[in-house]
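Build the full structure now, drawing on both the sequences and the hints.
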Amino acid sequence: MQCPKCHAPMHTYNRNGVQIEQCSGCRGIFLDYGELEALTRLESQYAQPAPPPPAAPQAYPAPQAPAWGAPHGGHHGGHYGHKRHKSFGHMLFSS
Amino acid sequence: MTPNPLLPDLTARAIAAAHSRTSACPCGATVTLAERPDATVVRHADTVAKAHAPDLTPADLAPRLLTATRLPELLLPPLTPIPVELHGRLVSLWPYGAPVDPEDPDAAPWEAAADLLAHLHRTPAPAPLPPMRGPVRAALSISRLCAATAGGPATDAVLRAWATLPAWARAEAPQPDTATLCHGDLHLGQLVRYPAPDGPWRLIDVDDLGVGVPAWDLGRPAAWFACGLLPPDEWHRFLTAYRAAGGPAVPADGDPWPALDVAARALTVQTAARAITKAEAEGRPLDEVEQALVDASDRMASFPPELVHEEAK
Chain H
1 MQCPKCHAPM
11 HTYNRNGVQI
21 EQCSGCRGIF
31 LDYGELEALT
41 RLESQYAQPA
51 PPPPAAPQAY
61 PAPQAPAWGA
71 PHGGHHGGHY
81 GHKRHKSFGH
91 MLFSS
Chain E
1 MTPNPLLPDL
11 TARAIAAAHS
21 RTSACPCGAT
31 VTLAERPDAT
41 VVRHADTVAK
51 AHAPDLTPAD
61 LAPRLLTATR
71 LPELLLPPLT
81 PIPVELHGRL
91 VSLWPYGAPV
101 DPEDPDAAPW
111 EAAADLLAHL
121 HRTPAPAPLP
131 PMRGPVRAAL
141 SISRLCAATA
151 GGPATDAVLR
161 AWATLPAWAR
171 AEAPQPDTAT
181 LCHGDLHLGQ
191 LVRYPAPDGP
201 WRLIDVDDLG
211 VGVPAWDLGR
221 PAAWFACGLL
231 PPDEWHRFLT
241 AYRAAGGPAV
251 PADGDPWPAL
261 DVAARALTVQ
271 TAARAITKAE
281 AEGRPLDEVE
291 QALVDASDRM
301 ASFPPELVHE
311 EAK
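In order, the protein sequence lines correspond to chains H and E.
Residues 1 to 95, numbered by full-length UniProt numbering, are exactly what the first sequence covers, in order.
Residues 1 to 313, numbered by full-length UniProt numbering, are exactly what the second sequence covers, in order.
Read the hints as simulated data drawn from the structure, not as lab findings.
Just to be clear, a hint being listed does not mean it is correct.
[Claimed, not checked] One side of the interface only, derived from the structure: several residues of chain E facing chain H at Cβ under 7 Å:
id : residue
1  : PRO102
2  : LEU229
3  : TRP257
4  : ASP287
5  : GLN291
6  : ALA296
7  : MET300
[Said to hold, decoys possible] Coverage of chain H stretches by chain E, computed from C-beta distances (three or more under 8 Å per stretch; other residues unrestricted):
id : region
8  : 1-11
9  : 86-95
Note that the Cβ used here is the ideal one computed from N, Cα and C, for glycine as well.
Following this line, the structure appears as structure tokens:
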């Protein structure tokens, strides 16, 4: 996976069971759905009483896309899954 | 009914050409690579013979074959730059190149494709060429759709999106660029390794090649990405490689969409029109991927191209 901001490769790290993608270039962090909540939950277990919540890591905006584009573009969503849709596989090779 | 003699006679041409290139032809079977209304393609050993679309004239094809002959580092060069005639069809002969494996599109050479396009777009046309035929293909897909369907919400959405396009993108006016060399029909089937199996990548199929708006050649990957079909990382690999090679279709940095918008719209609409036409002929509903193209077409009417330009300023 490439960083949507600077396009450098992103590496996956495991922090207390939470998968985090970090960019090797700009060091930005990409969190999947629910991961920020998981990290916040973990942190609150360590610190008693709970300190003020940490500043949320900045989520990158979805890659530049046209206004009429698919609403679920970006890291997750869209019609691409782990396995490419057969119909799209055919479309890639068709005039 | 008399069987169409084109295929056996085209096969004979391919075999004769293959045998004239080598005295030691392994002489396996001759394979039909494509048999469509607009092209019949057969392969014998390392030689490919292509019968072009029935309406293609020598004046259309000859300068395109000449261009491929003169730019062998970008385009697969034909065995001879002069087409021959067979049953009213123009026939060209090519060396065989190894295509992208359709079973493994994840191995798609996005960087190589982008690099070839960027260099093609930067190369002055080596022969006087007709306009790139992309917009004509798009218009054809719309007229076929209109002829094949009685209408419906999907067709209506596609026709509304078509109406948002400027006249040049609908082949109703000359393209605003009449100097840039373009391929005109880029998709993953248009790349081969030559010599097979592991030579450098080359572009094939010069039937739509010509001078025009180079963003058209980026329009299909852009459309696939915009419709949520092509993953963002693959789109970025393609776009980044195109920019790294100095491709002129988009600015070197910043938002590429003002430059890509019309082509991406046109190719979304074209692909949606073909999908509806095909689904109707097969008597089936649109699948999820085809519906994504129609949905994107539906949204286009709410965002005219001019607005997108203004937002980007």
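For each hint, the structure was consulted:
1. PRO102: holds (5 Å)
2. LEU229: holds (5 Å)
3. TRP257: Holds, about 5 Å.
4. ASP287: The hint holds - ASP287/E has a Cβ within 7 Å of chain H, the shortest such distance being about 5 Å.
5. GLN291: For GLN291/E, the interface hint is violated, since the closest Cβ of chain H sits about 9 Å away, which is over 7 Å.
6. ALA296: Because about 6 Å separates ALA296/E from the closest Cβ in chain H, which is inside the 7 Å limit, the hint holds.
7. MET300: holds (4 Å)
8. 1-11: holds (count 4)
9. 86-95: Contact hint for the region 86-95 of chain H vs chain E: holds, 9 residues under 8 Å.
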